[in-house]
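Chain order of the listed sequences is A and B. Going by our numbering, the first residue of the first sequence is number 1, and it counts up by one from there. Going by our numbering, the first residue of the second sequence is number 1, and it counts up by one from there.
Just so you know, the hints here were simulated from the structure itself, not pulled from any lab data. Just so you know, not all the hints are guaranteed correct.
Any copy, or any two copies together, can satisfy a pair, since identical chains are not distinguished.
Stated by the list, open to error - Within a straight-line C-alpha distance of at most 25 Å, the following computed DSS-like cross-link-like pairs (lysine-lysine) qualify:
1) K64 with K75
2) K10 with K64
3) K244 with K187
No experiment lies behind these values; they were computed from the predicted model shown.
2 protein chains.
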Amino acid sequence: MTLETLSTNKAYGGVQGVYRHDSAETKTAMTFAVFVPDHEPGETLPVLFYLSGLTCTHANVMEKGEYRAACAAEKIIFVAPDTSPRGEGVPDDPEGKYDFGLGAGFYVDATQAPFAANYRMRSYIEQELPALIAAHFPADMARQGITGHSMGGHGALTIALRNPDRFRSVSAFAPIVAPSQVPWGQKALGGYLGDDASAWAQHDAVALIEGGARLPDLLVDQGDADNFLEQELKTHLLEEACAKAGQPATIRMQPGYDHSYYFISTFMAEHVRWHAARLK
Amino acid sequence: MTLETLSTNKAYGGVQGVYRHDSAETKTAMTFAVFVPDHEPGETLPVLFYLSGLTCTHANVMEKGEYRAACAAEKIIFVAPDTSPRGEGVPDDPEGKYDFGLGAGFYVDATQAPFAANYRMRSYIEQELPALIAAHFPADMARQGITGHSMGGHGALTIALRNPDRFRSVSAFAPIVAPSQVPWGQKALGGYLGDDASAWAQHDAVALIEGGARLPDLLVDQGDADNFLEQELKTHLLEEACAKAGQPATIRMQPGYDHSYYFISTFMAEHVRWHAARLK
């Protein structure tokens with residue numbers, strides 16, 4: 001597991017780095033960003049994974065997410081992977097749309113041709129990336145949290161619900177809460193996993209909670225001026241599933257906020273502190 | 001003076017907007033960004049102008065500058081203009097380089113053909129833009145501060161030194177302090193103002209201070225790992241000029257920081273608070 005350093009910049013007393021490695025899962029070079037706060041020699045720090053939304057790479061949250069101030073103050077490592085495999089030979093959406101294929105891996109392991117060979121973002125986030133972080137960074141892997149935005153909020157919630165022992169803290173910004181029930185999710189789960197919707201349930205936060213999966217608690221922020229709220233995000237389905245299942249959840253509608261990084265950055269520090277409280 | 005709104009996004013309780021207008025000075029459409037914090041009806045807020053560096057538009061600091069948290073907390077309007085005229089017919093560097101022409105207006109009124117018609121960034125920043133801000137935003141123009149990065153730090157220092165009654169607070173990130181003495185500045189001042197270096201002095205912070213211009217105080221942060229420090233920025237010339245002239249100045253070398261927005265964003269909140277203390 002060799003790691004190529006593409007860039008490092010000092011920021012908030014720590015180091016914001018960008019790294020690349022050859023992924024055994026996706027069979028492509030994968031790029032990711034890591035912020036390591038200033039720390040004592042030999043000290044290990046908790047890790048917060050951030051999964052990005054449709055069209056994003058590692059760079060969007062790194063440039064616009066405004067997480068470094070809070071992560072430096074709380075001494076938390078922040079990891080931002082890419083959202084899909086990329087490169088020569090990696091199949092894309094047949095129609096070239098933004099919501100499937102490149103930049104839209106949906107954090108699943110595809111079973112359908114031609115996507116199955118490369119689109120293994122579930123195993124990449126669940127297995128390969130944390131092993132890489134553990135091997136190359138001063139990370140205390142007993143203290144992991146996960147968050148994400150939109151498609152990445154879906155990824156954070158579903159990965160946490162399937163791996164409750166791995167994560168001590170879970171949050172999301174404007175997540176797709178029930179991909180099985182919305183156009184983005186139906187296209188992606190159908191395209192990667194096939195038409196048999198029984199394979200979709202473990203990639204659907206609402207279905208997982210309805211099926212008995214539980215977390216100690218979770219935090220969700222959602223802007224009420226988000227253009228995707230009504231058709232794609234449907235936050236109320238998560239509220240209803242949590243209420244019915246007795247799943248503790250703090251789900252906040254934020255008046256006037258949209259789907260952009262202006263929204264995410266506004267609430268980023270609160271999310272980091274929320275994770276910090278559970279990772280210490 | 002009509003203003004077209006290109007976008008608005010709620011952020012940190014306020015509004016981050018992008019606006020465009022037809023500039024009488026540059027004879028082009030000019031785009032700028034304004035963040036207005038949440039405020040009471042009828043309340044007016046102090047204004048901080050941020051001048052960007054080479055190659056930037058209004059967007060770089062808007063996306064990467066991390067100023068909104070501090071500006072919301074301190075209730076300061078943040079204004080980020082473009083760095084040059086742009087558009088059809090606007091002349092660029094004859095060799096197409098990044099350090100002259102488009103994205104490199106250097107905050108002067110050009111006297112040389114073919115640049116004199118459009119490259120009027122001094123008058124744009126000193127006259128036209130503040131009038132526009134006063135007319136369209138809840139700004140208290142009796143309380144203005146100015147800051148900037150690199151070429152924009154040069155702009156902030158020189159505009160403030162020439163207009164000490166307008167600005168109550170002045171700071172800069174990694175400024176070009178003596179353009180008359182460095183390659184970037186010699187190319188730009190020569191190209192826009194001609195070879196007679198006597199015209200350059202009022203666009204050179206060190207020369208202005210040596211000539212008797214004074215500010216109540218000023219704040220400069222400079223990374224010591226900045227690739228441009230030795231050849232283009234030469235912070236020590238400002239330190240020496242201030243010491244010799246008795247100009248109060250807080251000039252801080254920041255160990256390990258480079259020229260990027262990772263550096264700027266790290267110290268942005270401190271700069272905003274420094275301005276706030278002088279604007280209240």
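Now the hints, each set against the structure:
no., hint, in the structure
1, K64 with K75, "both (20 Å within a copy, 21 Å between copies)"
2, K10 with K64, "both (16 Å within a copy, 15 Å between copies)"
3, K244 with K187, "neither (28 Å within a copy, 69 Å between copies)"
Hint violations for this structure: number 3 only, all remaining hints satisfied.
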